[in-house]
Amino acid sequence: MALKTEPFVVNIGPQHPSTHGVFRVQLTVDGETIVDLKPVMGYLHRGTEKLAEEKTYTQCIPYTDRMDYLAAMSNELGYVMAVEKLAGIEPPPRAKWLRMIFAELQRISSHLFAAATFFQDLGGWGTAIMYMLGRDREQILDIFEMTCGQRLTTNYMRIGGVAQDVPPEFFPAVRRFLDDMPSRIDEYFDFLADSDLLLTRTKGVGILPKELAISCGCSGPMLRGSGVPWDLRKTNPYLYYDEVDFDVIVGQNGDCYDRFMVRFWEVGQSLRIIEQCLERLPDGDVRHPFSPDFVSGTFRPPKGEVYQAIEGPKGELGYYLVSDGTTAPYRFHVRAPSLINLTPFREMCIGWKVADMIVILGSVDIVVGEVDR
Amino acid sequence: MDFVAFYYQYIWNLSSMWGSVLAWLQSQTGLPGWAIYLVFGFGGALGAFLWVAISNIILVFGERRLLGRFQIRFGPNRVGPNGTLQLIADALKSVGKELVIPAGADKPIYVLGPIVAFIPAMMGFAVFTFGPTMSPVTMDIGVLYFQAVTSLTAFAAFMAGWSSNNKFALFGAMRAVAQFVSYEIPLVLAVISVVLVAGTMNTLTIANQQTIVYALVLPIALFVFTIASIAEANRTPMDIVEAESEIVAGYHTEYGGMAFIMFYAAEYTHALAFGAMLNVLFLGGWKLFWLDQVLPPWLLFILKSYFVFFILIWMRATFPRLRIDQLMSLGWKVLVPLALVSLVLTSAGMLVPGLPLLAVAIFQWVAAGLIILAVLSRLPRRTNREEDMRARRLAAQAAMTARTAVSAQS
Numbered sequence: 001m002a003l004k005t006e007p008f009v010v011n012i013g014p015q016h017p018s019t020h021g022v023f024r025v026q027l028t029v030d031g032e033t034i035v036d037l038k039p040v041m042g043y044l045h046r047g048t049e050k051l052a053e054e055k056t057y058t059q060c061i062p063y064t065d066r067m068d069y070l071a072a073m074s075n076e077l078g079y080v081m082a083v084e085k086l087a088g089i090e091p092p093p094r095a096k097w098l099r100m101i102f103a104e105l106q107r108i109s110s111h112l113f114a115a116a117t118f119f120q121d122l123g124g125w126g127t128a129i130m131y132m133l134g135r136d137r138e139q140i141l142d143i144f145e146m147t148c149g150q151r152l153t154t155n156y157m158r159i160g161g162v163a164q165d166v167p168p169e170f171f172p173a174v175r176r177f178l179d180d181m182p183s184r185i186d187e188y189f190d191f192l193a194d195s196d197l198l199l200t201r202t203k204g205v206g207i208l209p210k211e212l213a214i215s216c217g218c219s220g221p222m223l224r225g226s227g228v229p230w231d232l233r234k235t236n237p238y239l240y241y242d243e244v245d246f247d248v249i250v251g252q253n254g255d256c257y258d259r260f261m262v263r264f265w266e267v268g269q270s271l272r273i274i275e276q277c278l279e280r281l282p283d284g285d286v287r288h289p290f291s292p293d294f295v296s297g298t299f300r301p302p303k304g305e306v307y308q309a310i311e312g313p314k315g316e317l318g319y320y321l322v323s324d325g326t327t328a329p330y331r332f333h334v335r336a337p338s339l340i341n342l343t344p345f346r347e348m349c350i351g352w353k354v355a356d357m358i359v360i361l362g363s364v365d366i367v368v369g370e371v372d373r
Numbered sequence: 001m002d003f004v005a006f007y008y009q010y011i012w013n014l015s016s017m018w019g020s021v022l023a024w025l026q027s028q029t030g031l032p033g034w035a036i037y038l039v040f041g042f043g044g045a046l047g048a049f050l051w052v053a054i055s056n057i058i059l060v061f062g063e064r065r066l067l068g069r070f071q072i073r074f075g076p077n078r079v080g081p082n083g084t085l086q087l088i089a090d091a092l093k094s095v096g097k098e099l100v101i102p103a104g105a106d107k108p109i110y111v112l113g114p115i116v117a118f119i120p121a122m123m124g125f126a127v128f129t130f131g132p133t134m135s136p137v138t139m140d141i142g143v144l145y146f147q148a149v150t151s152l153t154a155f156a157a158f159m160a161g162w163s164s165n166n167k168f169a170l171f172g173a174m175r176a177v178a179q180f181v182s183y184e185i186p187l188v189l190a191v192i193s194v195v196l197v198a199g200t201m202n203t204l205t206i207a208n209q210q211t212i213v214y215a216l217v218l219p220i221a222l223f224v225f226t227i228a229s230i231a232e233a234n235r236t237p238m239d240i241v242e243a244e245s246e247i248v249a250g251y252h253t254e255y256g257g258m259a260f261i262m263f264y265a266a267e268y269t270h271a272l273a274f275g276a277m278l279n280v281l282f283l284g285g286w287k288l289f290w291l292d293q294v295l296p297p298w299l300l301f302i303l304k305s306y307f308v309f310f311i312l313i314w315m316r317a318t319f320p321r322l323r324i325d326q327l328m329s330l331g332w333k334v335l336v337p338l339a340l341v342s343l344v345l346t347s348a349g350m351l352v353p354g355l356p357l358l359a360v361a362i363f364q365w366v367a368a369g370l371i372i373l374a375v376l377s378r379l380p381r382r383t384n385r386e387e388d389m390r391a392r393r394l395a396a397q398a399a400m401t402a403r404t405a406v407s408a409q410s
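So the sequences go chain by chain: D and W. The working numbering numbers the first residue of the first sequence as 1 and each following residue consecutively. The working numbering numbers the first residue of the second sequence as 1 and each following residue consecutively.
There may be inaccurate statements among the hints.
Stated by the list, open to error - Quick list of in silico lysine to aspartate or glutamate cross-link-like pairs, EDC-like style, CA-CA up to 16 Å: (1) W/K167 with D/E32; (2) D/K96 with D/D242; (3) W/K167 with D/E6; (4) D/K203 with W/D325; (5) D/K353 with D/D30; (6) W/K333 with W/E184; (7) D/K303 with D/E84; (8) D/K96 with D/E243; (9) W/K167 with W/D106; (10) D/K96 with D/D285; (11) W/K167 with D/D30; (12) D/K85 with D/E305; (13) D/K353 with D/E32; (14) D/K353 with W/D106; (15) D/K55 with D/D324.
Claimed, not checked - Away from chain W, derived, C-beta distances all over 10 Å, residues of chain D: (16) L3; (17) Q139; (18) P237.
As the list claims (entries may be wrong) - Label-pair restraints from in silico Cβ distances: (19) W/L373 with D/Q252: 45 to 53 Å; (20) W/F49 with D/G351: 47 to 55 Å; (21) D/E145 with W/I57: 36 to 44 Å; (22) D/E145 with W/N165: 42 to 50 Å; (23) W/W314 with D/G351: 34 to 42 Å.
Hints in this document: simulated from the structure, not taken from any laboratory. Every residue gets a Cβ at the ideal spot worked out from N, C-alpha and C, and that includes glycine.
Could you put the whole structure together from the sequences, leaning on the hints where they help?
And the structure:
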């Protein structure tokens, strides 16, 4: 007997436990199978780019914190590097090494967050969240707090350096984190990444082919999960990334599991980078001598435009700035990896079940603050 | 009467205590026998209900505290000493809430849903064996009765999901029906193995007969029963019916206040019922080494049932959940064949007159071992940590060198 069925539309979000914020997906499903999908965004639009045109260059820094609020350090880093490129300022070496340490700590924290929420999306009842976020990420946030007084929206990077030097208790804290993490990664691998249930749910699910990933402009773990070794730290080195030793991690199939594993192993690579940064951290100033001027609002970079991209935790985080010679940027545009990584979302989901859509969205790892800005 | 005698006569066997009370009542009032029988039965039902009600409180609170422990946090510890009054506060809050009936809901069915969910879950408790002679109802088809009433939950889930007029609830309802009906089959097949060995469907006899627990005699049936009852009780990793990360709360998305509490209680009652049934069928009910000489059997029965529930909590804290199609294929392609294997082996053993239970057990264990070996040999080799990471790094390096070579040529 053939049952007459017809597809129906169901809204996942904007208020839904697993859309990582106020993100909405319009699903057309046939039974449990997805036949069409439309991501709807804009619920968290705060006009950051327009607001920045009214602020001085230094005042823009805290606004960047609020875009990808899980990786504030990386956002600031991208922005201040864009301004420095515009004005031709070279920060002192200690500041650059410190920036690398904080960017990598932030990458670890962001990847841990992605992994933990990924388990939550799979139905893991928060155990991974409590371990990865309540224990490991907390250590990173404590390090941020002792350095700049803030845990989430750090506001630590400055044009021409960082806000202040790290306190003496910073080094033992980072040391302890570096010592603790490897055994925990082993533990997570054994219990979570290598568990049969996780493999069943994620292997071969939501495959993103290499060509599609490239043509959609994906970047970060999303692109590397599909087997493209594109990492701006290697391919287009900034700060001192060409002087430290680390590996690019790629996946083989481009499925959810590969994207997850790329993040998982990148945590280890970030630990390696931090280790080398600590060894090579020189003494000296952390602020460019002209830095105080930048805060006072009298800083006017020369006319021109600049694009500066860094490898953020979620992908290529680019800032496009146009200066008209005044104290505020004429145009402030962000190439947000979360938004662009969502481009192939429809193609990845079609044909899979509703439950898989949640997992695929989790493996894309979006932060709605950055999608909508 | 000294304490030891009192202990062994009355505390040991609560139904004997209840019987003495009734005998006294009869001698005082001269009520007819049928009235006394009614009161006797009512007392048993009330006892079972009280146990369920108290257990629900203990289990929900215990689960929240234990989950807290599993997840390196505290769990509720503010209301009352060590948070013990937390559930009372939650219940009061829920009772005080308005029962909102959504627009477009099928009102009578919507209201009936939570009631239909709770009652069958409760009814299963009539046949549990709290002691060698203690059971609310002694029924010769006890096992069949249990399976019959507990499977009614599928109706409740479907009623609630369909009448809510909500798409998430509809998803939950569809999943519920598919899951409950599919897992009913391996569950019943696994139970038949036990019935064959025991030679009866009377739960009291099954529990009393287990000089050697059936968990050791029927390992395959135990495996199938455990997995299937997790699915039937709708617990993680098979809680797709109310998968909160996908379909919000499944079939009871639209319920709030007391109606939600009914569903919640029904879920725990159900899980406890399956834990207790597993205890009766496979773990010997009230038997526990030498402890059953010291502690009253009903206490042991309760503790053992809680232990089974503890394992469910443990699993909940550990595993992610399966997908609907994976769940279905696990049920039909793995559990049903396994249950059939167990059934065939057991019936073959029963054909031989006078075959000792030990021989049946040996056959079962050999079969179980063979199945495990077969599965292990077909499984892909497990990934190794260092290997996995090395492969990914090497792939990246190879790809990068290839690209640099291309760009150098061009």
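Exercise. Where does the structure disagree with the numbered hints, that is, which hint numbers, in rising order?
Worked result: Result: hints 14, 19 break, sorted rising.
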